[in-house]
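Colleague: Sequence:
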Amino acid sequence: MLLRSLILLLVAGCAYIAGLMTDLSSSAKVNTESKVKNVVKDFLDYPEAATYKNFEYHMLTKNSRGDETGYYCGEVFGFEDELSNSYRRFIVRVYQNVEGNTSISIPLIEQIDDIIPPEQFTAIWERYCEDRKL
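Residue 378 is where the sequence shown starts when you use the working numbering, and the numbers rise one by one after that.
Source of the hints: derived by calculation from the structure; they are not laboratory data. Hints may contain errors.
[What the hints assert, rightly or not] Straight-line C-alpha distance at most 25 Å; calculated BS3-like pairs for lysine-lysine:
(1) K439 <-> K412
(2) K418 <-> K430
(3) K412 <-> K430
[Stated by the list, open to error] Beta-carbon label-pair distances, calculated as ranges:
(4) I483 <-> D444: 12 to 22 Å
(5) I384 <-> A426: 55 to 65 Å
(6) N440 <-> S482: 16 to 26 Å
(7) D422 <-> S480: 24 to 34 Å
(8) M378 <-> S441: 55 to 65 Å
(9) T446 <-> S411: 16 to 26 Å
The structure displayed is predicted, hence computed values, not measured ones. Beta carbons: idealized from backbone N, C-alpha and C, even for Gly.
My request is simple: use the sequences and hints to build the entire structure.
Modeller: Written out as C-alpha cells, the structure reads:
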C-alpha cells in the first residue's frame with residue numbers, strides 16, 4: 378500500500394512538473410489575418426457571404442522589445458437588408474507582443490452602424506491605410 382501511494386505521488390509530481398514546463402501560449406495559434414477577418418465578419422448582416430479584397434497590414438510602431446502595433450486595412454463585400462451591398466473599406470488596429478499574443482480592436486467599417494462620420498473614416502484611412510511615401 379505504501380509503495381502504491383509513493384508511485385502515485387511520483388507520477389502526480391512528474392505530471393505537475395511537465396505541466397509547468399509546457400508553453401501553452403505557442404500551441405495552436407490562429408493566424409492573425411484570420412482573426413481580423415472573423416472580427417470584421419461579426420459586424421456584417423450576412424457574414425457567410427463576406428469576401429475580401431485589398432487586405433493589407435500596415436505597421437505603425439515597433440518597440441525595442443519587439444512588440445508591434447499596426448493596422449489591417451481592406452475592403453469587405455457584404456449584404457445589407459438582404460440586398461447586395463458594395464465593397465466597404467474597413468480598418469482594424471492590431472497589437473502583437475513578442476510572445477505572440479495578439480489584441481484586436483473593434484473594426485471600423487465604412488458606412489456601417491454610423492460609428493464614425495464618413496469624413497473621419499476617410500481621414501483615418503488616409504493616415505493609416507494608404508501607402509506612405511518616405
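Colleague: Hints first: check each against the structure and report whether it holds.
Modeller: Verification of the supplied hints:
| no. | hint | in the structure |
| --- | --- | --- |
| 1 | K439 <-> K412 | holds, 21 Å |
| 2 | K418 <-> K430 | holds, 14 Å |
| 3 | K412 <-> K430 | holds, 16 Å |
| 4 | I483 <-> D444: 12 to 22 Å | holds, 20 Å |
| 5 | I384 <-> A426: 55 to 65 Å | holds, 58 Å |
| 6 | N440 <-> S482: 16 to 26 Å | holds, 18 Å |
| 7 | D422 <-> S480: 24 to 34 Å | holds, 26 Å |
| 8 | M378 <-> S441: 55 to 65 Å | holds, 58 Å |
| 9 | T446 <-> S411: 16 to 26 Å | holds, 19 Å |
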